[in-house]
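Trainee: Chains as they are written, first to last, in my numbering: chain A, 1 to 269; chain B, 1 to 301.
Derived by calculation from the structure, the hints in this document are not laboratory data. No experiment lies behind these values; they were computed from the predicted model shown. Any given hint could be a false lead.
[Claimed, not checked] Listed next, the in silico BS3-like pairs over lysine-lysine satisfying Cα-Cα at most 27 Å (straight line):
hint, chain 1, residue 1, chain 2, residue 2
1, B, Lys76, A, Lys13
2, A, Lys141, A, Lys13
3, B, Lys76, A, Lys247
4, B, Lys90, B, Lys76
5, B, Lys31, A, Lys14
6, B, Lys233, B, Lys292
7, B, Lys292, A, Lys13
8, B, Lys90, A, Lys13
9, B, Lys277, A, Lys13
10, A, Lys14, B, Lys292
11, A, Lys187, A, Lys220
12, B, Lys277, A, Lys14
13, A, Lys222, A, Lys187
14, A, Lys14, B, Lys233
[What the hints assert, rightly or not] Negatives, chain B to chain A, calculated, CB over 12 Å:
hint, residue
15, Thr19
16, Phe24
17, Ile82
18, Met207
19, Asn268
Even for Gly, the Cβ is constructed at its ideal location relative to N, Cα and C.
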Amino acid sequence: MQPIDTIDRDIMKKYCLDFTVVNNEAIHELYSLLTLTPSDSSTSLPDILPGQFVQVRVDNAETFLRRPISVNDVDRDNHTLSLLVRNAGEGSRWIMNRRQGDTVNLMLPLGNGFGNIAESDNRPLLVGGGVGIAPMLYLGKCMSLQHRVRPAFLVGARSASDVLQLQSLQQWGDVFVTTEDGTMGEKGLVTASSVWNEEWTTVYCCGPAPMMKAIAQICKKKSLPCKVSLENMMACGLGACLCCVEKTVRGNVCVCTEGPVFDTADLTW
Amino acid sequence: MANLEVNIGNLQLKNPVLTASGTFGYGEEFKDFISLDRLGGFIVKGTTLNPREGNDYPRMAETPAGMLNAVGLQNKGVDYFITHIYPRIKDIDTQIMVNVSGASIADYVAVCEKLKVCDKINAIEVNISCPNVKQGGMAFGTTCAGAAEVTAAVRQAWDRTLIVKLSPNVTSITDIAKAVEAEGADSVSLINTLLGMAIDVERRRPMLSTITGGLSGPAVRPIAVRMVWQVCKAVNIPVIGLGGIMNGRDALEFIMAGATAIQVGTANFIDPAVTVKIIDEINGYLDRNNFKSLSEIRGII
């Protein structure tokens, strides 16, 4: 595997490829974990950076556009990628209902990803709220395998049963949990976690917008760099339709190409 | 292999498949998926005299068999296009056209004057039909007098191929088409998006920041085919048809209704290689039915 830091995002070729579902695990009543491999066995899995996403073609009558889903994990040895999908509507339900052997068309890799990890970033904190944990697994894995940095994960959920992929995360780093009902870890929101009393070098965050905004505020007070992954509604995913824009200090930019990951200093939050 | 070449005024296209403005960026966004030189041409994002930030998010809502958008002509302005984008795309072996928008007649003329330095731009498409900007845009396109005035002014400033993109949000699109033909337009393209609206019932709020937006996708196709058919009967200039074309069959509908060429828009968002597939499907249809060229089926309805 080519170290991700040596891949130049600007020249990464994008593909539109059929994938076959290798496995579909219902890990929760609201979430499925799909493992996919290129249908054509002579096609290699494209390079994918942590924080990048795919556009899944949804072939049903109820929906029209593709659905952007962040890459949860990449397994180079088995030529698979995995997608953690939350039941959020007709489109995601269609994806969750794909069974082993079914074909799904993906456009990938899309977006900028979390970027290169600086050598000085030796105490990273990866925060995921709900399905926002999805890109953090692959990011944490790359940090651990390629940077020999053991990241810390902070997972926020409503209840113990909503804490996803705990064991997978623990493989790559220390995991701290907050639940709103106190059934696992500390009680409360991720913003109330005691991990904020510790020293961190960068905070990486994905989750509901109010959560990311609150964490951006914490980081601002602590003068900590903070990177957030946004999930604005998208049509093309290629920077052509200009639908998914976010306001930044340099004006409206496409989340699909300039993001989905932004340094919060560039946002107008 | 049938002959797919068509002419729009003096403009020669290797095939009738173009891309609709605002759905194909500047072509570059799609270069990983298709050879851009296979296209009849592509029409770049709506370009204005000054940079525009566009409307606030949310600008898009998925609707049955289509989508609403309210982008609001976000673009970096004609000078940026000429200096930064044009040099990167000018040598692609296809017809590159610029969609021109303005808030005033003077704006339209100024953009055309500036574009003259781009010697590979053989045609412009004048947008008098954008439903998502407060001034100009559709305001010019909904009256015969307004449409005629913009066309006349641009015709003075631009001697290469001039296409005028028409709005369907009018009582009689044939009257508008005749008005722009009379002022010297070489072609009309239709339809731009239909003004639409969607409401998030759970949040009790409009889906778009602008409340209303432009509807595109296969949901609008029967309206577009009807309007193209009507306009083809009313004018003598070539008509470019668009509105919800997803495949070769859809494209052939427009051609049988009388269109000389077609544009593929929203479908590019779902399949980035759809344009090339449409070219192949049109060709396959002609071969299967032993037609030597598109003229044998154009306007047969």
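Trainee: Each hint should be assessed against the structure and marked as holding or not.
Mentor: Right, here's what the structure says about each hint:
1. B:Lys76 with A:Lys13: holds (25 Å)
2. A:Lys141 with A:Lys13: holds (23 Å)
3. B:Lys76 with A:Lys247: Holds, at about 15 Å.
4. B:Lys90 with B:Lys76: At roughly 18 Å apart (the allowed maximum being 27 Å), Lys76 (chain B) and Lys90 (chain B) satisfy the hint.
5. B:Lys31 with A:Lys14: holds (9 Å)
6. B:Lys233 with B:Lys292: holds (24 Å)
7. B:Lys292 with A:Lys13: violated (38 Å)
8. B:Lys90 with A:Lys13: holds (21 Å)
9. B:Lys277 with A:Lys13: OK: Lys277 (chain B) and Lys13 (chain A) at ~20 Å, within 27 Å.
10. A:Lys14 with B:Lys292: violated (36 Å)
11. A:Lys187 with A:Lys220: holds (24 Å)
12. B:Lys277 with A:Lys14: Status holds; Cα separation ~18 Å.
13. A:Lys222 with A:Lys187: With Cα atoms ~23 Å apart, Lys222 (chain A) and Lys187 (chain A) stay inside 27 Å; holds.
14. A:Lys14 with B:Lys233: violated (43 Å)
15. Thr19: violated (9 Å)
16. Phe24: violated (6 Å)
17. Ile82: holds (20 Å)
18. Met207: The claim breaks: Met207 (chain B) does not keep its Cβ more than 12 Å from every Cβ of chain A (closest is about 9 Å).
19. Asn268: violated (7 Å)
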